[in-house]
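Enquirer: This is what each chain is made of:
There are 2 protein chains.
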Amino acid sequence: MEKGSGSPAAGGSCPQKNAEILSSQYGINLFLAGLLLTFAWAVHAVGISKSHLLSYLITLMFIQLLWMLWYLCRSCTQRRLIRDKDTHAGARWLKCGITLFAVITLILDSFKVGYYIDFSNCLSPTEGIFPVTHAAHTILQVYFLWCHAKDIIQSFKTLERFGVIHSVFTNLLLWTNGVLTESKHQLNEHKERLITLGFGNITIVLDDHAPQCNCTTTTLCSIFSQGIYYLYPFNIEYHILASTMLYVLWKNIGRKVEHHQQHKTPFKFHGITVGMIFGLTVLTSTIAVVVVYLIQIGRSKVKSELALTMFYLHAIFVLALMCTAGVVALLIYRLEDRSLDNSKNPARKLDAELLVGTAAGSWLLSWGSILAIICAQAHPKYTWYNLPYSVLVIIEKYIQNLFIIESIHREQEKANDDIKTLRIVTISRGSTLSLTPSYKEIYNGRATCDIGELPCLVSSSICARESDGGGSANEETNQGNSPVMRSASEFSFHSRSSVADNKRRILKNIAAFLFLCNLSLWIPPAFGCRPEYDNGLEEIVFGFEPWIIVVNLAMPFSIFYRMHSAASLFEVNCKT
Amino acid sequence: MEKGSGSPAAGGSCPQKNAEILSSQYGINLFLAGLLLTFAWAVHAVGISKSHLLSYLITLMFIQLLWMLWYLCRSCTQRRLIRDKDTHAGARWLKCGITLFAVITLILDSFKVGYYIDFSNCLSPTEGIFPVTHAAHTILQVYFLWCHAKDIIQSFKTLERFGVIHSVFTNLLLWTNGVLTESKHQLNEHKERLITLGFGNITIVLDDHAPQCNCTTTTLCSIFSQGIYYLYPFNIEYHILASTMLYVLWKNIGRKVEHHQQHKTPFKFHGITVGMIFGLTVLTSTIAVVVVYLIQIGRSKVKSELALTMFYLHAIFVLALMCTAGVVALLIYRLEDRSLDNSKNPARKLDAELLVGTAAGSWLLSWGSILAIICAQAHPKYTWYNLPYSVLVIIEKYIQNLFIIESIHREQEKANDDIKTLRIVTISRGSTLSLTPSYKEIYNGRATCDIGELPCLVSSSICARESDGGGSANEETNQGNSPVMRSASEFSFHSRSSVADNKRRILKNIAAFLFLCNLSLWIPPAFGCRPEYDNGLEEIVFGFEPWIIVVNLAMPFSIFYRMHSAASLFEVNCKT
Chain V
1 MEKGSGSPAA
11 GGSCPQKNAE
21 ILSSQYGINL
31 FLAGLLLTFA
41 WAVHAVGISK
51 SHLLSYLITL
61 MFIQLLWMLW
71 YLCRSCTQRR
81 LIRDKDTHAG
91 ARWLKCGITL
101 FAVITLILDS
111 FKVGYYIDFS
121 NCLSPTEGIF
131 PVTHAAHTIL
141 QVYFLWCHAK
151 DIIQSFKTLE
161 RFGVIHSVFT
171 NLLLWTNGVL
181 TESKHQLNEH
191 KERLITLGFG
201 NITIVLDDHA
211 PQCNCTTTTL
221 CSIFSQGIYY
231 LYPFNIEYHI
241 LASTMLYVLW
251 KNIGRKVEHH
261 QQHKTPFKFH
271 GITVGMIFGL
281 TVLTSTIAVV
291 VVYLIQIGRS
301 KVKSELALTM
311 FYLHAIFVLA
321 LMCTAGVVAL
331 LIYRLEDRSL
341 DNSKNPARKL
351 DAELLVGTAA
361 GSWLLSWGSI
371 LAIICAQAHP
381 KYTWYNLPYS
391 VLVIIEKYIQ
401 NLFIIESIHR
411 EQEKANDDIK
421 TLRIVTISRG
431 STLSLTPSYK
441 EIYNGRATCD
451 IGELPCLVSS
461 SICARESDGG
471 GSANEETNQG
481 NSPVMRSASE
491 FSFHSRSSVA
501 DNKRRILKNI
511 AAFLFLCNLS
521 LWIPPAFGCR
531 PEYDNGLEEI
541 VFGFEPWIIV
551 VNLAMPFSIF
561 YRMHSAASLF
571 EVNCKT
Chain Y
1 MEKGSGSPAA
11 GGSCPQKNAE
21 ILSSQYGINL
31 FLAGLLLTFA
41 WAVHAVGISK
51 SHLLSYLITL
61 MFIQLLWMLW
71 YLCRSCTQRR
81 LIRDKDTHAG
91 ARWLKCGITL
101 FAVITLILDS
111 FKVGYYIDFS
121 NCLSPTEGIF
131 PVTHAAHTIL
141 QVYFLWCHAK
151 DIIQSFKTLE
161 RFGVIHSVFT
171 NLLLWTNGVL
181 TESKHQLNEH
191 KERLITLGFG
201 NITIVLDDHA
211 PQCNCTTTTL
221 CSIFSQGIYY
231 LYPFNIEYHI
241 LASTMLYVLW
251 KNIGRKVEHH
261 QQHKTPFKFH
271 GITVGMIFGL
281 TVLTSTIAVV
291 VVYLIQIGRS
301 KVKSELALTM
311 FYLHAIFVLA
321 LMCTAGVVAL
331 LIYRLEDRSL
341 DNSKNPARKL
351 DAELLVGTAA
361 GSWLLSWGSI
371 LAIICAQAHP
381 KYTWYNLPYS
391 VLVIIEKYIQ
401 NLFIIESIHR
411 EQEKANDDIK
421 TLRIVTISRG
431 STLSLTPSYK
441 EIYNGRATCD
451 IGELPCLVSS
461 SICARESDGG
471 GSANEETNQG
481 NSPVMRSASE
491 FSFHSRSSVA
501 DNKRRILKNI
511 AAFLFLCNLS
521 LWIPPAFGCR
531 PEYDNGLEEI
541 VFGFEPWIIV
551 VNLAMPFSIF
561 YRMHSAASLF
571 EVNCKT
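Line by line, the protein sequences are chains V and Y.
Quick note: the first sequence uses the UniProt record's numbering, first residue 1, plus one each step.
Quick note: the second sequence uses the UniProt record's numbering, first residue 1, plus one each step.
If we strip away everything but chain V, and leave its shape as in the complex, we get (with noise of 0.2 angstroms):
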């Protein structure tokens, strides 16, 4: 079993590709399979019902816990198999997003269990065992990301591949499980409104609406109902967020590190205010405008066509800022001139790849739109704000990736450790004329230190000190008996580092802003308010059935987009 593991660095050994190969082809037949019966169901296919997916999902949710038994007793029993840990991975703030989501995914799976018991009549029992069961998924799951995020499994390589790859899919089938319900219910959602706006000519047949028979007990039926479409969006983040955590874990599986030191960076409010305050109050404002939005669209045409307007301004505003706030932090990187770091890091590629994947999503739709607004016969008035609003949604996420992804391949900033060595070195060295300008050579070309230079720097020093002669051996005493010389350096040193901290904090302050504003965002597709249904223009143009697939297979990539660029974003604000 542990063949691989003595195999040497440059060449990996055959088992271990093998079981890559092995469990990735096993986990993309088990999410096939899972993915046809959702289909299945959701195109009401003959003699598969519900329940056959519901029992599929709990068969695999409950392989998952007995493997995460497995596995958290053999490392408790066995600490000594898994020393490596990849620090990049499960950042604390990732383990805290997944544990706020989680927490709210157990409230859902409690008001399931209400809303089973309150319909139990007509409702088969796997709809009952699936929330138990979720439920019991989800904490054990939390527990182990908690414990083993940052894991670097090197020995019995094939169970643990097949575990962990078994996981990730099973994540990714609750995930399109979520999808595809939340999907259902807004399409309801959006045929009742066009109904009640006289648009009876659409064959409308409300899909998956209620149950066939009626509630025991009124009024906690409909808080239910309701609470558990509030909920989803959470639960839907919820396992996506460790569907990627797990997907980290299976990619480190049998990876050589380097260790080399992690600064810990905690976040910090001190410095960001004024990106904060912007943030907070785009947060507000689109709070109240999907609260307006919700109210008011489908109640008639005149109300419907006002709060399109509305949404569309507040949204045209609000990316105008963000991509205004993203070339400024990209023109600032062009300023300086530091090194990307290219080491392996399965947790960063990851990050990048959802990035510009999941923003395909939402181009989709955008280029749906502006297609669509090209090629209409009529276009009321309020469509015409689409076409900004398209064009700068894709503009937008284009500049955010960029941002993003240059952001976490910079190299962690060690200009201040190093200042402090070259502070001492050259303060060594007893003579301040002859050092001067070569600061002014360091700080004028460059604000932070290119660290391919310093070291050279700080040798050349080094060099040029030793051969003073005896100047090596006076240096405490130097340190304190040149004050002048002293003064004069460090007066330099914070003229030109206060540049570089200027730049550091409107950095900072971008990514809390941008941060924010992505959180804004998106609340907005997540409970709900979806322009792109009440619009009516893109159906027009492509019809109803063939935009509303669109709409279902793109929205959900669109979304989380949103909270994953958030979680970047954050990570950013954290390491600039």
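Hints listed in this document are in silico derivations from the structure and should not be mistaken for laboratory results.
These numbers were taken from a predicted model, which means no experiment stands behind them.
Warning: the hint list may mix true and false statements.
Identical copies carry no separate label here, and so any pair may be met within one copy or between two of them.
[Stated by the list, open to error] With a Cα cut of at most 25 angstroms, we get these calculated BS3-like pairs of lysine-lysine:
| no. | residue 1 | residue 2 |
| --- | --- | --- |
| 1 | Lys256 | Lys95 |
| 2 | Lys349 | Lys251 |
| 3 | Lys301 | Lys381 |
| 4 | Lys575 | Lys344 |
| 5 | Lys95 | Lys349 |
Since chain V is already given, all that's left is putting chain Y on it; use the hints.
Expert: Same frame as chain V, now just chain Y:
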């Protein structure tokens, strides 16, 4: 522009990473816009016609043409700029393959021009301009790939990146367009069969079937319109191949390569007779089955069922053979203990990802069939053959992927060279008796030499030899002087190396057999044998429309899988 090239090798420079993200996001947006245009055409969106889509494609091809001309001129005048080559990219047989497909694509283009001339009264001019542009595009692109597929571009990176990614996604869009046209054609044929069989209850509308006006020269018209659909599969393969080659070129931009000699391993027919005979038998029988299937299907209910039964039985037999061959090959690999080469290699990484990714397409279809068989209420006898067929499709691809990915990751065989070295060294020791046990130790343990261990053995032999004193001086003389010892050691070598040779011959035969089988299995779906349509069971369970959508989305990947795995197996055959 060349800012990034001076940076240290370990950390990448900002402009390069930036250019990568900038260009990939540009490419994705280009693709998404095209995809939506294609989608709009497919769903008959209001105000969007085929000529809009064709205009978009013509524009993209034209931009690519200009870029390729610029690149060719630039690389002619400034030869010094491109010095590095990726020896793994753009293999000769890949270039030959793409040329073959390109020639057939040119014939297709000429057919399309002929078709346009015949129906010029009622077709838009874009339908005439498109094939002409496409022909020019094809010729220049093939020339470009022949000359520059191995390039590792180090200078003026931003413009290169944009040009290459533009080319990648232009080809992908042309592939999508080809796939859609082909799917529409297949669907029309299927609907015609359904009409013949009397299933009039399904709302059957033939899609883009024939132009609205009469043909000017009737005989040519039918040749053109028939011929076009037989040539489409090659056109589709051409674009996806070109796309993958260009993608590897894109991934290689700015890469640092270690120059290690690659063995040129030309394809030889010698020693793979058994595999070839079996493979050619499968190929012939498959062609026969396809011809009979296409003639019989849709004639009457009985004939259709017979054709389906024949198809399934043949496919089950072939797939079972392929599974067996794959398992044997994997067992042989397990007997050896050779380490894997995990060095950076974009071409190989893409190969492996494409194999697993595109296999998912046919796995999805297979899971659909399995689900349909389990859930269907009525089971005509012939549908039961579908179950082992679908299961075997999944297992066969699972095993074959394992085999191919392990094969392309194995380190090139150096056994022959090492044996020669060993022979010289050991012969020079001048003592037969003391050496024989060490030989046995080496060659009993493992059939081919473990690369990790050999240098050790060789060096220890050298040490031993040097401690012998004068032995090192009379190396040449010893070789000539002790014929008895030499023949003994040679005998020992030959018996050992013949085991290794036998294993190699079996592996080569298996690779050749699987190569021909994959080529064979490419034919039925590419030329319109689609039991997934004709079987009828899935359509009943999932519904006509949903199942057609699934098949049309998954089938192109399934078809591409066969051609791609055939190409990979050809490489495996050459390397083994």
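Enquirer: Now look at each hint and say whether the structure bears it out.
Expert: Each hint, compared with the structure:
{"no.": "1", "hint": "Lys256 x Lys95", "verdict": "within (24 angstroms within a copy, 37 angstroms between copies)"}
{"no.": "2", "hint": "Lys349 x Lys251", "verdict": "both (11 angstroms within a copy, 15 angstroms between copies)"}
{"no.": "3", "hint": "Lys301 x Lys381", "verdict": "within (13 angstroms within a copy, 56 angstroms between copies)"}
{"no.": "4", "hint": "Lys575 x Lys344", "verdict": "within (18 angstroms within a copy, 29 angstroms between copies)"}
{"no.": "5", "hint": "Lys95 x Lys349", "verdict": "within (19 angstroms within a copy, 32 angstroms between copies)"}
Taken one by one, the earlier hints all hold for this structure without exception.
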